[in-house]
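Residue numbers (our numbering), protein chains in the order written: chain E, 1 to 272; chain W, 273 to 500; chain H, 501 to 752.
In case anyone wonders, no lab produced these hints; they're calculated from the structure. Do not rely on the hints blindly, as some may be mistaken.
[Said to hold, decoys possible] Think about it this way: if two alpha-carbon atoms lie no more than 25 Å apart in a straight line, the pair counts; the simulated DSS-like pairs of lysine-lysine are:
#1 427(W) to 498(W)
#2 553(H) to 725(H)
#3 190(E) to 427(W)
#4 41(E) to 553(H)
#5 725(H) to 593(H)
#6 498(W) to 485(W)
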Amino acid sequence: MSQVRRHRQKLPWQIILIASIAVAFFLSPFIGLLWRTPWSKFTDIVTRREIRDALWLSVQTSLITSIVCFVFGVPLAWLLARVDFRGRRFIRALMTLSMVLPPVIGGIALLFTFGRRGLIGQYLDSWFGIRLPFTTTAVVMAQCFVAMPFLVLTVEAALRQLDTRFEDVARTLGGSRWYVFRRVTLPSIKPSLFAGLVLAWARALGEFGATITFAGNLPGTTQTMPLATYAALDSNPESALILSLLMIAIAFSILIALRDRWLGRTEQGLPL
Amino acid sequence: MTLDTRFTLSRGTFTLDVNLSFNEGEVVAIMGPNGSGKSTFLHAIAGLLPVTSGMVVLNGETFDDATTEAFLEPTQRNVGIVFQGGLLFETMNVLENIVFGLRARKIKQSIAAAQAEPLISQFGLSGLLERQPRELSGGQAQRVAITRALITQPKVLLLDEPMSGLDTSTRQLVREDFREVLASFAGYRILVTHDVEDALAIADRIIELDHGKVVWNGSTSDYRNKPR
Amino acid sequence: MFGRRAFAVVLAPIAFFTACTSDSNTQETTTLNVYAASSLATPFELAGLAFEKAHPGVNVQFNLGASSDLARFVEEGAPADIFASADIANMDKVESEELLDTPPIIFATNYLEIVVEKGNPLNILSLQDLTNSDLIFITTNPDVPIGRYTTEVFKKAGITIAPDSFENNVKSIMLKVAGGEADAGIVYHSEVVAADGEVDGVEIPSDFNILAEYPIGIISTSDNKELARGFIDFLLSPDGRAILSQHGFGLL
């Protein structure tokens, strides 16, 4: 057979079929949610005070968490990527551990460490009178505990891919390590940095287990959106549904907006 | 006035072992196959890698001495380095790249730009200042990289494979260009290349490395007549 | 130190639970799914062990949690055979969905106590003492029975208290008070008994106290109704009542 026909690219149907099942699996819960949503009560519920409080608290804490993750996470990522020190693998494993750990366990660990009778918390209390549980600070700590690894590991991966000779050149030109880090290293990994920040922020926004265990659940102080949603499940399933939708809408629109704004034209970073 | 390098530098199983002296005003080409230690040698002079034993001394000033553990940071050595392809900072335009060394010394942007002006016009880059690195040709990027290295008036200029990666048709032109550029700088000039033609065309002296050892050290004319 | 003990308060039922499930592989087993309020954890697990011993081949599986959570699970079709709630309201929810086989039976009662850290360091002696706003007082959501009972107690006593946290369930209150993270909470008397000296209980006068009634019922979708009835009968038998009363529950 000497056919000179141009083969049209034939897609393997088996793969498409299996992939479609995966897509359906992820999509159907959202449809299920939409299906049960009492739309007529939407505005009534989202304008309620406790919902507005929870929303505002979630926005505030997740943004503060993102900033804290940036300030502490980026230097840590740099250290992990650039300096060969003892315990580096241990620290990296620690980061991964807190990513895969059930957040409730993280919350219990935080409680037994920073709680009033905790390893460190007892001194915070007796020396400075600082009590962390049941405060908004505890919410941010719980969020940082689960969210920071996402930023650290993303930024570290980007730093590893960056040619170190850029930093070498900058050093020979007289740039101090800090100046080089700010002016050369950070701008070069900007896409991954934003990807890491967005991931950490999204993780913080959705945080539930560590927050309720360590920070408790008090409207206006520690009750973030996920906690309010859970609390509403019993008293008012309809508002739980609407809260869930609200969270999905916020997370989704910000992910989309940021993708276009920061991650649009680049192949680096995460394929958001 | 000399640059003296008498050291060993080990990285894993590889050891670079040299005892070389350079004179001010001389253009020296360092040749050798991949993994012969050429780049490691430049790194040791620039202070990007510390020596394992021995020392690096420039005009009597100790850069690195393994016995006294004296080590001058790359920021303080005033050694300019140019890598293959120029390695311009991609997040900055041409002007920002050129004045980087001045800005790192806390000189204001406007003053730095004025200070850079003579070099910029000397290298014919006045029309390219607003361009992004990716909008430059290979030759242009190379010129910008050299200007960037010279802006801080270094005493030593190190060039790591500056011409590889350029296509053969422009290579001849760039080589001429390059000789001119190098001639405008009076300090120590050390060029790493694996291309014999480049070395013969540009250098006064050729040093050949293999497996971390010096296997040839002599004038370019001697090298040309060297039996192969 | 306290941590380990406080932890044990919470984890003991889980350890029991895993022990129960792991040694039942000798023959074909029938699993009885009991959804029970978390305050019932210890006596139910003991009752389950005794019941399994008397009925070879039966494996009693517990799902312990806030009654409100459990009621929701049952409504959403979870495979429960028995539901034991810590209040009437959550049982009513299940009953109104016509998910009960027969009307529920009240099998135990409980009353409330103020729970404070071991040794009562803040010297809390009355409901009135809880109004001190420096004190960390925690409760649960008002949909969890203990949270609603707590509100009732305050209403009867004519005091208002702003809690510092609405925890998931009564076990979480116990954990945080035993661990010293919170100063006080209001819990069932049976919880204080179960904590075995890890916390102190402060009596609430009967004028302000409530009688918590624990209803139990068989779920209409159960495939093991006979076995379920057997388990309930065991709870009502002298042996079952002994276990309940040992753990601080009242009997009718």
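Verification of the supplied hints:
Using a Cα cut-off of 25 Å, the hinted pair residue 427(W) and residue 498(W) is violated, with the two alpha carbons roughly 31 Å apart. Distance restraint check for residue 553(H) and residue 725(H): the Cα-Cα separation of roughly 19 Å lies within the 25 Å cut-off, and the hinted pair is therefore satisfied. Distance check on the hinted pair: residue 190(E) and residue 427(W) sit about 34 Å apart at the alpha-carbon level, beyond 25 Å; violated. In summary, the hint linking residue 41(E) to residue 553(H) is not supported, as the alpha carbons are separated by about 53 Å, beyond the 25 Å threshold.
A hinted pair counts as satisfied when its Cα atoms are at most 25 Å apart, and residue 725(H) with residue 593(H) qualifies at roughly 20 Å. Distance restraint check for residue 498(W) and residue 485(W): the Cα-Cα separation of roughly 19 Å lies within the 25 Å cut-off, and the hinted pair is therefore satisfied.
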